[in-house]
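Participant: Chains as they are written, first to last, in this note's numbering: chain A, 589 to 1009; chain B, 8 to 317.
Just so you know, these hints were derived from the structure itself, not from any lab. Honestly, I wouldn't trust all of these hints.
Stated by the list, open to error - Each computed DSSO-like pair below joins lysine-lysine, with the alpha-carbon atoms no more than 27 Å apart:
1) B:K110 to B:K80
2) B:K55 to A:K794
3) B:K34 to B:K83
4) B:K55 to A:K751
5) A:K794 to B:K293
6) A:K794 to B:K34
7) B:K315 to B:K74
8) B:K189 to A:K794
9) B:K189 to B:K201
10) B:K315 to B:K293
11) B:K83 to B:K55
12) B:K55 to B:K80
13) A:K794 to B:K80
14) B:K253 to B:K209
15) B:K55 to B:K317
16) A:K751 to B:K80
17) B:K83 to B:K201
18) B:K196 to B:K293
19) A:K794 to B:K74
20) A:K744 to B:K74
21) B:K110 to A:K794
22) B:K34 to B:K55
23) B:K80 to B:K315
Since the model is a prediction, treat every value here as computed from it, not as a measurement.
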Amino acid sequence: MRVRMLAPGLLCIIAARLFAQDTADLLIRIKAMEARIQALESEVQNLKSEPGVAPPAPILQAPAPVVLGGAGPAAAKALNPDISVIGDFIGAAGYGANRKIPSLEMHESEVGFQEVIDPYARADFFISFGERGVNLEEGFLTFTALPAGLQLKVGKMRAAFGKVNTLHNHVLPWADRPLVNQNLIGGEDGINDAGLSLSRILPAPKGIFLEGLAQVYRGDSDNVFRADKRTDVSAIGHLRLYHDFSESTNLDAGVSYARGHSPFGDGTNQLYGGDFTLRWKPLRRAIYRSFVARSELVWARTTVTLPSLPFPRAATSKPFGYYVSGDYQFGRRWFFGGRFDRSQRGACLPTNPDTTPCDLPVPSTKLLQDTGGSLALTYWPSEFSQIRGQLRRTRYGEGLTANELIFQFIFSMGAHGAHAF
Amino acid sequence: MLVSIKFQTLAVAMAAALACASHAAPKINLVTSTQDFAALAREVAGDKVNVESIAMGYQDPHFVEPKPSFVLKLQKADLLAVVGLQLEIGWLQPLQTQSRNAKIQIGGAGYLDMSQYCEILEIPTGGQVTRAMGDVHPLGNPHYWLDPNNGRRIAKAFADRFSRLDAADAVYFAERYADFDKRLTAAEKGWEAKMAPYRGRKVITYHRSWPNFCERFGLQVVDYVEPRPGIPPTPSHTLELINTMKREAIKLILVEPYFDRRAPNKIAQDVGGEVAELMPSVGGVKEITNYFQLFDYDLNILVNLFQKLK
Chain A
589 MRVRMLAPGL LCIIAARLFA QDTADLLIRI KAMEARIQAL ESEVQNLKSE PGVAPPAPIL
649 QAPAPVVLGG AGPAAAKALN PDISVIGDFI GAAGYGANRK IPSLEMHESE VGFQEVIDPY
709 ARADFFISFG ERGVNLEEGF LTFTALPAGL QLKVGKMRAA FGKVNTLHNH VLPWADRPLV
769 NQNLIGGEDG INDAGLSLSR ILPAPKGIFL EGLAQVYRGD SDNVFRADKR TDVSAIGHLR
829 LYHDFSESTN LDAGVSYARG HSPFGDGTNQ LYGGDFTLRW KPLRRAIYRS FVARSELVWA
889 RTTVTLPSLP FPRAATSKPF GYYVSGDYQF GRRWFFGGRF DRSQRGACLP TNPDTTPCDL
949 PVPSTKLLQD TGGSLALTYW PSEFSQIRGQ LRRTRYGEGL TANELIFQFI FSMGAHGAHA
1009 F
Chain B
8 MLVSIKFQTL AVAMAAALAC ASHAAPKINL VTSTQDFAAL AREVAGDKVN VESIAMGYQD
68 PHFVEPKPSF VLKLQKADLL AVVGLQLEIG WLQPLQTQSR NAKIQIGGAG YLDMSQYCEI
128 LEIPTGGQVT RAMGDVHPLG NPHYWLDPNN GRRIAKAFAD RFSRLDAADA VYFAERYADF
188 DKRLTAAEKG WEAKMAPYRG RKVITYHRSW PNFCERFGLQ VVDYVEPRPG IPPTPSHTLE
248 LINTMKREAI KLILVEPYFD RRAPNKIAQD VGGEVAELMP SVGGVKEITN YFQLFDYDLN
308 ILVNLFQKLK
């Protein structure tokens, strides 16, 4: 009993002593500062009394800068967004078989508007002008100040399925998209829809970046999902892992799942994906040398309506596709790369671009396999322009073989913000 | 009995809280875009601030990859200090956005653009600024930390901001700044004395990284190995540069460690000169661990080469 009474009392005494000790220390420091100030005042008086000697500047104040801040004109755009235009010109020669790239085309002009909206959010808009129309490629609000480490995006955006689907054309290391994207993930437009995206950095061992992401969209992406009614929303999940092996080498890997209403039948379309990106970029030579290896694999489970069957007339098509690529920078302005593609697709099911002339009387779950390879050489006259030549050979499942030379010019005006890694 | 136990437990808890509160406030977590700012922050911060940086001293700070591992640093930052003037325009914004950290967004309490406190040179005046001029910095030259006067201003800005975030240690930060100021003033006298015989000497630099440094120590930058900022040397410009160097008896080329040495070496060979590989940042080599050593290292190289090139 006595011990129980004594313990808290002792602790109070110790705490009080510690508190008193801190206060005593603080008083000692204040007294030392006072003494120092008095000494300095005395020194200043002595100096002032000497003729022709200017008093010294206060020791605790930094000299006033000669010119404060940067250029004034920056204030002129204080409330305007950063505006950029990126032009993408493509030409093609050779036999394209099923793929209808024109001989010369101003393929895309992407206009970007990016700005902080308020202390809680920023907005990014990218409007894509093609030769035949205008499209809102992405337009979304990002809430940057949510609690619990969450981040919310609202708007129209490229879905976080795999890696290539998230990338704008001008960021790709090739003039085209891999066959698996063309056949199974909506091609150049990709899974791109209006919706909400919620993400969070997840607890992980030291040195591992782990991010979980969940997205809900209206459910309309050409050749991937179609929303016939409000409840036909699509959902995407993505888990991303990143690790630095060294300051030069890192791995970025992810798994993705997408589900929505099939555009080809009364049922679902489900996509399972894995993506891997290995980067090497030695920091001391970062502007001269780098290597990036990429791969993505996609499995689809697509409901297809087959009128030939008795009710319910639905079957499941199960195509699979992948690509593997490598890109090496061998000079400040030079990049060389190659890509291998292999992707199945449902016979008579449209792709983007559409390469499926259908000679079957009705759709079926028959799968065709396309295989392709590309070699690309890219020159950057500056950071703001690229010239690319790409040799592409594709053997289509119908038995046709395309051999093409594609050339591309990309040029950028204005302040286009950096894309995510 | 139960009341007595509860009272004792409460008393113990209060005593422990009082003991803890009388000691350290949580440290400020600072992330800087470059190691130079980290070094200056450490001069002022002492043991009150955790300091980390993103760009390494031996890499080109214009071209840093916005790796997700940097997001993990920024997620817990109380303060983000940046060079500004669009030096980080190619990589920092995605990191800030992905950090989910409201404090360090532009305009937030934890966002510190040091350029507003410093003397900025090469601010374009008159006429249009376009990319025909290369990868020009339209708001002024961002390599301003290479003037010790700006180093002083940066350190003062850190001291003021730390004091705002941790008022209880304001006196501590002020004392550390005063001490840094005193040491820097003494070091400056030594550096100026060392460079005094070479004031007015003409040099060539690879990139426009050295205006503040050269102005401070009296060197005159006549031309650049890059024909325009960000454009690699071309044969025609290289020939013009060789002619200029011969005509004006310029013998020294200053190059950062992350640029290719072939063109500067060839030019130096043709004019009978030397290439000085100067470090533009703390951490550029392992022996440069603080702001003072950066100037010691670079000025020693310059003095040795100027003596050799009499």
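Participant: Give a verdict on every hint.
Facilitator: Hints, verified against the model:
{"no.": "1", "hint": "B:K110 to B:K80", "result": "holds (13 Å)"}
{"no.": "2", "hint": "B:K55 to A:K794", "result": "holds (23 Å)"}
{"no.": "3", "hint": "B:K34 to B:K83", "result": "holds (12 Å)"}
{"no.": "4", "hint": "B:K55 to A:K751", "result": "violated (41 Å)"}
{"no.": "5", "hint": "A:K794 to B:K293", "result": "holds (25 Å)"}
{"no.": "6", "hint": "A:K794 to B:K34", "result": "holds (20 Å)"}
{"no.": "7", "hint": "B:K315 to B:K74", "result": "violated (43 Å)"}
{"no.": "8", "hint": "B:K189 to A:K794", "result": "violated (40 Å)"}
{"no.": "9", "hint": "B:K189 to B:K201", "result": "holds (19 Å)"}
{"no.": "10", "hint": "B:K315 to B:K293", "result": "holds (25 Å)"}
{"no.": "11", "hint": "B:K83 to B:K55", "result": "holds (16 Å)"}
{"no.": "12", "hint": "B:K55 to B:K80", "result": "holds (18 Å)"}
{"no.": "13", "hint": "A:K794 to B:K80", "result": "holds (11 Å)"}
{"no.": "14", "hint": "B:K253 to B:K209", "result": "holds (12 Å)"}
{"no.": "15", "hint": "B:K55 to B:K317", "result": "violated (48 Å)"}
{"no.": "16", "hint": "A:K751 to B:K80", "result": "holds (24 Å)"}
{"no.": "17", "hint": "B:K83 to B:K201", "result": "violated (43 Å)"}
{"no.": "18", "hint": "B:K196 to B:K293", "result": "holds (25 Å)"}
{"no.": "19", "hint": "A:K794 to B:K74", "result": "holds (15 Å)"}
{"no.": "20", "hint": "A:K744 to B:K74", "result": "holds (25 Å)"}
{"no.": "21", "hint": "B:K110 to A:K794", "result": "holds (23 Å)"}
{"no.": "22", "hint": "B:K34 to B:K55", "result": "holds (5 Å)"}
{"no.": "23", "hint": "B:K80 to B:K315", "result": "violated (45 Å)"}
The structure shown violates the earlier hints numbered 4, 7, 8, 15, 17, 23.
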